[in-house]
Every structure is written in C-alpha cells, then in structure tokens.
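S.K.: Chains A and B, in that order, give the protein sequences. Take the first sequence: its letters are residues 702 to 950, numbered as in my numbering. Take the second sequence: its letters are residues 15 to 336, numbered as in my numbering.
In short, the hints are calculated from the structure, not lab data. A portion of the hints provided could be inaccurate.
[Claimed, not checked] Okay, the calculated beta carbon distance ranges per label pair:
hint, chain 1, residue 1, chain 2, residue 2, range
1, B, Q124, A, T893, 33 to 41 Å
2, B, S16, A, A835, 31 to 39 Å
3, B, L118, A, A890, 42 to 50 Å
4, B, L196, A, R764, 36 to 44 Å
5, A, G767, B, A225, 25 to 33 Å
6, A, A821, B, V319, 30 to 38 Å
Model, not experiment: these values are computed from the prediction. Positions of the beta carbon are idealized from the N, C-alpha and C atoms, including for glycine.
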Amino acid sequence: MSAALLQCQGLTRRFGGLTAVGDVSLDFRLGEVHAVIGTNGAGKSTLINMLSGELPASAGTVRLDGHDITALPQPRRARAGIGRSYQRTTIFNAFTVFENCRLCAQAGHARPWAVWQSAARCAQAGAIARDALAAAGLADWAQRPAGALSHGGKRQLEIAMCLATRPRVLLLDEPLAGMGAEETERMLALLTTLKSGHAIALVEHDMDAVFRIADRITVMVNGQVIASDVPEVIKTHRDVQIAYLGDAH
Amino acid sequence: MSAAQRINRWLPLLAALALAALPAVLSPYLQELVLRIMTLAVFALSLELLVGTTGLVSLGHAAFYGIGAYATVLLSPADAPAPLLPLLAGAMGAAALYALAVGLLSLRTQGVYFIMVTLAFAQMAYFVFHDTKLGGGTDGIYLNVRPVLALGSAVLLDTDNKLQRYALGWAALVATYGVLALLQRSRFGHALAGIRENEQRMRAAGFATLAYKLAAFVIAGALAGLAGFLTATKDGFVNPEMLSWHESGAVLLVIILGGLGHLRGAVIGAVSFVLLKEALSTPALVGPLADRWQLTLGLTIIVAVALLPKGLIGLFKRGGQA
C-alpha cells in the first residue's frame, strides 16, 4: 500500500453552532478510488470543499505529499495538484470543448503575464488540452461548443478540464448525478483508467457504482465518520447498515 | 478566407487610416467633433475591458476618467507648458493608483454589490473635487497652458494646435485599441474571458482570479485616465461633473449600445452616441425638441437596445472576434 498522497487530520467545519464536519481524518492514496458516502447533509460536500480549499477549516490540517497545505487558497492548491469537479456542472459553456481544456491547461503556464503571446497558439497548453480530451474520450467533440454537449458529455468534459491541470488528486463530487445507464458505464470506465495515476476521492450516491469501483469506502453521518474500510467490510458493517444502508437492507 | 472576411479583418486598420486622413477634408467644427468621438472611444474601450471582457459591471468608471483629467490640470505648471509624456504618465498613474485602491476594496464583491461599491467610490472622489478647494470646487479649474512634447529644444507636438491635438487623440485611440486587442488574444485575456464565463472553474483550475481582476481593473482605470487627459487638453478645463455617476452611466450606455464583448462595439457605440447626441440637440433637425435632447437621446437608446440586444455591432456581424 502506497503512502497517502492527500491526508486530512481532525478536519472540522462549524457553521455557527452546527458542526457540518467533525474531526475527520482520512487518507487518499495514489492508485485508489476512495469513496465518501452518506445521506444528504452528512457533510460530504463540505469535506470536499475543505480539501479543495474553497472553504477554510475551523480546525484540523490538510496535507498534500506530507506538506501542510491547510493555509493555501484554492488556486494554489489546484496548482499544487488538486483538481475537482462539482456537483453542478462547472464548465465554460460559451467556449468550445477544446478551448475549455486549453484554458484550464494554461493555469500552469510559467509566464501567464506574457501578453504579447497568443493564447490560441500556446503550444504547451494546446498539447496538454489535446491529451486531456483524448484521455476523457472527447477528442471527436473538440470543436463543438461546450454548451451543446449532452449532460453526460459535460460531466466528461469537466473531468477532462481537471486532467488538463495535470492533477495528482481528483476530488469528484457526484460525477454520476443525473446520468443514464450508458453514460454511467462510460464514466466508470474513465475513472478506472484514471485510477493508476491519481488519488481519487469520490462522493457519490449511486451505491452500485460505488461498490463496483471503490477500493475504500468512508461512511459519514451527521458530519462524523462512522466507518472507513474496504468495500467488503463496509457492506457487512453493522453501524453502517443501521445508520445508512438500513432502509435498503 | 473570403474577401469579406479579409476586409473585416483589416477593418480596424482601414478605419485608423481613414481617421488619420479625415482632418484634410473636415471643417474645424467637425474635426473637433471627431476628436470628441475618439476621446469617448478611448474611455469606452477602457470600460469594455472590464464589462465586456471580464464581466465586471462597474458604475464608477468616470472616477478614473475625472482623476486623469484633474491630474492633467493640477500637475501642469500655471505659466509654462508641461512636458507631455511625464504629464500623461502622471494622469494615467493617478487614475491607475485610485483604481488599485478601489479594486482592492471592491473586487471581492460580486454582481450588484460590485456595482454599488464602485459607484460609492466614484461618488467619494466626486465629492472630494466638488466640495474641497483642491480642484476649484464646483466651478472646476482651467488648464492655463497646454502640454507640449519636446525633444531638446525642438517641439514635436504642441497640443495648443488643434490639428496636433487631433493627432494626439488619434494616436491614443490607435494605441488603446492595439493594446486591448493584444491583451484579448493573450493568455491573460483568455483568463479574463474565463473569469467572465465561470470564475469558480477558473479558481478550481488554479487561477488566482482576484489578481487577474485587479490587473484588468487597474489597466482599465489607467486607460480611462488617458481619456481624461485627452479631454482636459482638448477643453482646457475640468469640472467635478466629469466624475459624476451620470458620466459613468453614459459610458456604460455607450458600450451597451455598441455591443458588449467586442472592442469594435465600444468604438461604434462612441460614434453613435456622440452623433445621436449632436443630431438630437440640433434645432434644425428636431425643432423645439432640441432643448429636450436628454429625453430623446434616452428614449432612442432604450429603443435601440430593445431592438438590438447585441448592440449595433449585431447588425454587422455574426462572428465573435475583437
């Protein structure tokens, strides 16, 4: 088992008197899909937002590769290698699929202020964007406007845009939401191929998908982690069955 | 590339050449009118960088215009011509400095809050000039001697001369348009467009969006200061109304009328706005309504914007280039 790439310790977020996430300590390892499941309001998205840097933590630390990144704002964490997708598709609808990826790839460019250079002719960003589109299976759609893609296509594009920033950690917030069976299969296949080079945190409601693809599952209830283990153990975990899977079993 | 596309591509250059040649055939009055249009076009282009490119709707842009104009007058000696380049740098620098301060304090807000905060800072600047002796209070202040551009003892450009003033305005417009066109095609410009489309995604991709927006805000402020410099040297007079919210609103109307999202739109908007205002305040054309030009101008713009939601530029094109 490899060392944790992304790690949080005692991560806590309070909104006034409400503790949305309380004392969560988790490891996300390279080559693993680590699913975080739980009912609505369990604090999954809040956790992701603290890991990505969009929401400051009330307490606790976040480490990337052993370095404390708790104080870094989101753009710096992104450049350090943390990519994320959102529950609500977050892309540039007005731009083409290729431009979406090229713009994201540009974030890592060493000379962002070189204003005499044309962005459209930026070879570095262009090459990264093409690779990302190919990896996400969108190469044939490159010149379409992003807004014209199907729902599933847009979700795929959002992953491609993450890949264009060359991340090592992927934080995916419900990538399967609203997808049909065929689109779900395509996304799961994509995530499986991405596993080898990334540490993937997956927040998802589709339990079949989670148990098929996850290497490790963390169950949250009311902001607390009640279990974190391999899928076989989680499946038979008594607390989990009572607290979360109770209705289904 | 078709012939039409080729012409379209070179249109800004052709327009610049035509503007350069115009004084040869224009009456002094019309030459002054074209200079006014070019000055407004610089002002409108500076706001277009914020509103059309970056998606930041500011209702306080006249503050930077007015500060540029006041700085021009206040930094000029009372009895001798100021050297043009240092004076220009002073005017643009003063506007940029205020833009930096306003930007730092306002850019964390969004949407209607941003509109209100920029308006508030502009009104603050307005009342500084309106209510203190700094710039002659409500009466404004005169520019006694216009600046000159000299190399040693040779005078290259004397803004006291109408034609040379026109040349300065022309150069300013060409330079502003050129700089903004360059910005828009650069990685920086694409990042600004990304911020307009989806700032959340830009941050998630790793862009420090606040720094980008602040840079755009300061550049826009400096270019508005350039427009203020041109107005001050043209009129030889500045007053607090240059910083008022009417002025901020008018320049916003100019770019909406012309068509947001295109540099050409800002220029077309400036041409139409000045010509409309001129026509609607000429008794020979509109009779007794000439005294009510503000009403008729407002109504005309409302109708134009209602009929052409993409602005006047929507009449000419379907593509999306600068």
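S.K.: List in ascending order the numbers of the hints, as given earlier, that are violated by the structure.
M.R.: Violated: none.
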